[in-house]
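A.B. asks: Same order as they appear, the protein sequences are chains H and S. Letter 118 of the first sequence, counting from 1, is numbered 118 in this note's numbering, and no numbers are missing. Letter 131 of the second sequence, counting from 1, is numbered 131 in this note's numbering, and no numbers are missing.
The set of hints was computed from the structure by calculation and includes no laboratory data. The structure presented is a predicted model; accordingly, all values stated were derived computationally and were not measured. Warning: the hint list may mix true and false statements.
For chains that are exact copies, the list does not tell them apart, and a pair is met inside one copy or across any two.
Said to hold, decoys possible - Taking lysine to any residue pairs in the SDA-like style, the calculated list, with each CA pair at most 25 Å apart, reads: (1) K160 x W190; (2) K160 x I37; (3) K160 x L53; (4) K160 x A32; (5) K160 x E148; (6) K160 x G34; (7) K160 x L142; (8) K160 x N70; (9) K160 x L83; (10) K160 x F35; (11) K160 x Y31; (12) K160 x P36; (13) K160 x L194; (14) K160 x A97.
2 protein chains.
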Amino acid sequence: MRICFVGDSFVNGTGDETALGWVGRVCALAYAHGFPITSYNLGIRRNTSADILERWENECSLRLPAGCDNRVVLSCGVNDSMLEDGALRVAPEQSRANVHAILRAASRYPLLMVGPPPMPEDAQNEQISALSRAFADEAAALGVPFIELFSPLVADAAYKQEVASNDGAHPRSSGYTKIANIIASSPNWWFHALL
Amino acid sequence: MRICFVGDSFVNGTGDETALGWVGRVCALAYAHGFPITSYNLGIRRNTSADILERWENECSLRLPAGCDNRVVLSCGVNDSMLEDGALRVAPEQSRANVHAILRAASRYPLLMVGPPPMPEDAQNEQISALSRAFADEAAALGVPFIELFSPLVADAAYKQEVASNDGAHPRSSGYTKIANIIASSPNWWFHALL
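Chain H with its partners taken away, still in its complex shape (with noise of 0.2 Å):
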């Protein structure tokens, strides 16, 4: 079984000095429930849904062979959500646009969407909790599985703390091991204790 994990920081786990991530910690607590996943970290920093849009597919079709059990794991939106120079970087009708291009053309693969964890600034909450529920409504539009970070991490105040504290984006291993837990917890996640 192979799962590329396609996104952005949060994915690739910038920040956690376990260097495990969520990504990490998933695959193991998969491990130890008897499915030895095979796992691509494809996260890549300040990649927006646009950058991810353009290569997930080139990246992907590299890693899942013909004859194996692929997945594929996409979460983004704190990027599209960032101001430069005044602007959004991507403008919330066209990250909507673009989650819905990438879903829809990775159906071919068993498919589950994370949605974007939240930041320490509530005027950036109010962009990423909307880009949320968008990707919520676009994953449930084409059967897509969709797990939230958002709601259950903004009213964390530890983990605001730790993020505040860090770099101001990113969590340390304390909030890489919620967003696991809050996944792998998650009745739309696909590996559970075998009982």
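Given chain H, work out where chain S should sit, using these hints.
C.D. replies: Chain S alone, transformed into the frame defined by chain H:
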């Protein structure tokens, strides 16, 4: 600081139930030594030196933006030495030429090469050993530091036993820990404890 680790399943960490592989372990060690690096694991299962020659530049250029301290680590060779339909997947002279081409083109980045690890079979190990020496020669000719894995691991009965009792090619976490320790303790490695 951003590092692309380009290579095969051993770079990917295939078989490691902790999901760290040697790449995750050397990055966590670097973090602990005061180097908060962003790492990109670009190891792909079954990739030969020819496969890597095709893709490394495109994938690295998307991850190593101007203005960062960008580095590349290359490791390959075991898949080149595999027999398929009675022939080596890549002939030794071609493997050497591929590695030369990658190292020369990547010389705009600080570079490091890690040699291929041994396999359980003596016949394949003759090929791997010769490739490791050839890659070391190519690296030396281009002034690229090289860290050998073959000699210390081929003499390690516990390593070979772990590989043989796993899938016949990849170690599990204790083997990857050994590889990480060989790399992290090499004078050619970049990130040692600040004294």
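A.B. asks: With reference to the structure, classify each hint as holding or not holding.
C.D. replies: Quick rundown of the hints versus the structure:
no.	hint	in the structure
1	K160 x W190	neither (28 Å within a copy, 33 Å between copies)
2	K160 x I37	between (31 Å within a copy, 22 Å between copies)
3	K160 x L53	neither (29 Å within a copy, 42 Å between copies)
4	K160 x A32	between (29 Å within a copy, 23 Å between copies)
5	K160 x E148	within (16 Å within a copy, 43 Å between copies)
6	K160 x G34	between (33 Å within a copy, 23 Å between copies)
7	K160 x L142	neither (32 Å within a copy, 47 Å between copies)
8	K160 x N70	neither (34 Å within a copy, 29 Å between copies)
9	K160 x L83	within (20 Å within a copy, 53 Å between copies)
10	K160 x F35	between (32 Å within a copy, 24 Å between copies)
11	K160 x Y31	between (30 Å within a copy, 22 Å between copies)
12	K160 x P36	between (33 Å within a copy, 20 Å between copies)
13	K160 x L194	neither (34 Å within a copy, 30 Å between copies)
14	K160 x A97	neither (29 Å within a copy, 50 Å between copies)
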